[in-house]
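In this text, residue positions in the sequence shown follow our numbering: the first is 101, and each later residue adds one.
Derived from the structure by calculation, the hints contain no laboratory data.
Misleading hints may appear alongside valid ones.
Quick list of in silico lysine-lysine cross-link-like pairs, PhoX-like style, CA-CA up to 25 Å [as the list claims (entries may be wrong)]: (1) Lys369 <-> Lys331; (2) Lys336 <-> Lys323; (3) Lys323 <-> Lys369.
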Amino acid sequence: MQTEQGLLRISIAVTIVLAGVGILFGILSGSFAIVFDGVYALTDAVMTIVALLVSNLIAASASGSGRFVKHFTMGFWHLEPMVLGLNGIMLTGAAIYALINAIGSIMDGGRPLDFDQAIIYAVLTIIVTVVMAIVGTRANRTIQSDFVALDAKAWIMSAGLTSALLVAFVIGYFIQGTEHEWLSPYIDPVALALVCLVIIPIPAGTIRQALADILLVTPSDLKGHVDTVAKAIVEKHGFLSYRAYVARVGRGRQIELYFIVPENFPAQKLQDWDDIRDEIGLAIGDEGPDRWLTIAFTTDPEWAD
101 MQTEQGLLRI SIAVTIVLAG VGILFGILSG SFAIVFDGVY ALTDAVMTIV
151 ALLVSNLIAA SASGSGRFVK HFTMGFWHLE PMVLGLNGIM LTGAAIYALI
201 NAIGSIMDGG RPLDFDQAII YAVLTIIVTV VMAIVGTRAN RTIQSDFVAL
251 DAKAWIMSAG LTSALLVAFV IGYFIQGTEH EWLSPYIDPV ALALVCLVII
301 PIPAGTIRQA LADILLVTPS DLKGHVDTVA KAIVEKHGFL SYRAYVARVG
351 RGRQIELYFI VPENFPAQKL QDWDDIRDEI GLAIGDEGPD RWLTIAFTTD
401 PEWAD
């Protein structure tokens, strides 16, 4: 429970069980909203399995072990934004498809629903999703994983959306036998449509960040920090200038620094240049398996451009 892989494994198991129960309850109660909830959870489980595989690859790469490491000497960071982006796109696509079906059902006069079974499912699901959201959020304060953060967000979303379904089912239950009973067939498709309208824009932030990572868009905050460090090094050691290339790829931070040294610069031992590299690395910070830092010194600016 205290590792990224452990949390994802537990999340996958719980999600698959919950998805199966949701699909079963949805069929028995006649609720397409509950069936969609189960299918949505199953889709999320599949993507969480892929996320777990990528997480294992990244961990293996960091430790230098694993059968695929020799074929991916630059690491597996690039897979993380791909998985996150694909996850967001698939969840959004599923919600759009369900919304279209909900609108079609409303236009066809709705569908009958067993509100008793629907309410039981909603209550049980809310309990499970709230517990999983709390566990994931608390654990990620230490783990600091994008995968766990996305998974915890998915549980929070599921809890909120199932709560909305519960409210709709309770309303439908209490209008039975009243003058408003004619609204009953519309409860399920209307609730599903509203849930989909809420779900569709939620993964947008994850998709946008994933695309930025895939396209190697330079993060302004990291670039600003690297520029500040590099300028201080240039002034301190009497270099002419520098070139900085920065990218964020999933959890990885890739930084390349080239310092332009005067042609008449006093000769130094390799150890002296390494000491400057250590100084730069310490000033940049965040040293660890997820930081890829390259520092070079040259008198020819063309090597840096």
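Comparing the hints with the structure gives:
For the suggested pair Lys369 and Lys331, the alpha carbons sit about 23 Å apart, so the restraint of at most 25 Å is met. Between Lys336 and Lys323 the CA atoms are separated by roughly 20 Å; this keeps the pair inside 25 Å, and the hint holds. Proposed proximity of Lys323 and Lys369 is contradicted: the alpha carbons are some 30 Å apart, above 25 Å.
Checked against the numbered hints above, the structure breaks only hint 3 and satisfies the rest.
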